[in-house]
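Student: Using the sequences and the accompanying hints, generate a full structural model.
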Amino acid sequence: MLRLVIVGASLAGLRAAQAARAAGHDGGIVMIGREPHLPYTRPPLSKELLQGTQEIEDSALHVGELDVEWRLGVPATGLDRQSKRVRLDDGTEAPYDRLIIATGSRARPWEGPGSHLKGVHTLRDLEDAVALRTALSSSERLLIVGAGFIGCEVAASARALGVEVTLVDIAAHPLLPFGPQLGERWARMHRERGVDLRLGVGLAELRGRSGRVEHAELTDGTTLNTDTVLLALGSQLNTEWLADTGLKFDPAIVCDATLTTVSDPDILAAGDIAAVPVALADGTPMRVEHWTTAAEHGQLAGRNALLHPADRAAHANPPYFWSDQYGSKIQALGCPALADRIEMLEQSPEDDRFVAACVSGERMIGIVGMNAARRLPWYRKQLTQPQPLEQVKAALADDTKTLGAPVGASV
Amino acid sequence: MKVHVDMNLCQSHGECVAVAPDVFELGDDDVLVWQEEVDDSRRADMQEAANVCPMMAISLED
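Residue numbers (the numbering used here), protein chains in the order written: chain A, 1 to 411; chain B, 1 to 62.
Source of the hints: derived by calculation from the structure; they are not laboratory data.
Treat the hints loosely; a few may be bogus.
Facing chain A, according to a computed beta carbon distance under 10 Å, are these residues of chain B, among others [claimed, not checked]: (1) Met7; (2) Gln11; (3) His13; (4) Glu15; (5) Val31; (6) Pro54.
Note that beta-carbon positions come from the ideal geometry of N, C-alpha and C, so glycine has one too.
Tutor: Given below as structure tokens:
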């Protein structure tokens, strides 16, 4: 009977195990996880959990009666593809017939002066969120370094808690992947809520007293008072344990559309750590670090791992991403980061809801929406492949369900 | 089978709509509406809708 080993016990790993069982797999499943916890969902960590509207237990993913052998709190340390064994940190080994790699990523560290001080945080795991929540309960001045999605969401959460927030980023606008035009809008949104947003500037040094952070010096020479610092500088893949395995990295593990690694048909990858061809990017393998992709990859990898490579199904859904900030819902489909311009397609007269196309050449390869949830299913149908923008606009012109015609040049 | 959606959790991502547009729909106000009674032949779809819901708001009952 086929032995399935899944390394990574978060969303992608859990969905893989559930899908394998649902597909009738009755052999062994070993789930190896670095963290001591059963799988949990991370999106609330920067939002509801931080704001105190959800508790730790609300983040648990539903595991139910899943029949797996859990190896939690024991990271995988190596892989021997010849003998088909995963090595664990406690010296044991897990033999496999099929392996699913879902070890994801971690917060990218900053190693500048003062990074070791108390009061300096990153946010990726449950413990990180609990520590940051505790810090914010008595914080007066939070400095967030990095105005990406985590940085912006934590800024919004901290403002909701009444904490003074300074948000800095070396880029010229927040939420870089959505481009400069929409960047103006996000910058305005944060400033209107009282965030001291400083762009085009980075962190040079953190200084403290008695081991606690008290000041931050920015690259433009400004010194800020602060008692809590969040370093939100993106992520780093957990691939070190796979060094010397001969698997192809780019820097994620390169897979075909069925999530099978191009290096080994018995090894599949899912979630953040997998680079998978995306139709909207003309088949270029891409790493998509979104919740939904991890869930979809996991399900598909769990099913595909049981099959002969020729019978495995391809992943086809467009990447989907969302972010909640100040009560507004930002949603994106497709590949906004690859667009060369943004064009407004629909807009409410009040300008509080919109859908904008992410355009490459003359083709729509993604959309960004704000408070436009009901419009997403229509675009999802369009975005299985790049679509000629003119064709999309013609279809919208005849559609009575849009939010309204774009009100002007302001995106 | 019965399909429950916890509307305290639902945030209108529309993932379920993508899986089963005949069962789930987002109304004009972005609020989800859905069929509560679904034929057993749709079990795999309903399970997938529950699995891809980012808010874990969907549960199934026989």
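Student: Could you run down the list of hints and mark each one as holding or not?
Tutor: Results of checking the hints against the structure:
no.	hint	result
1	Met7	violated (14 Å)
2	Gln11	holds (7 Å)
3	His13	holds (6 Å)
4	Glu15	holds (6 Å)
5	Val31	holds (9 Å)
6	Pro54	holds (5 Å)
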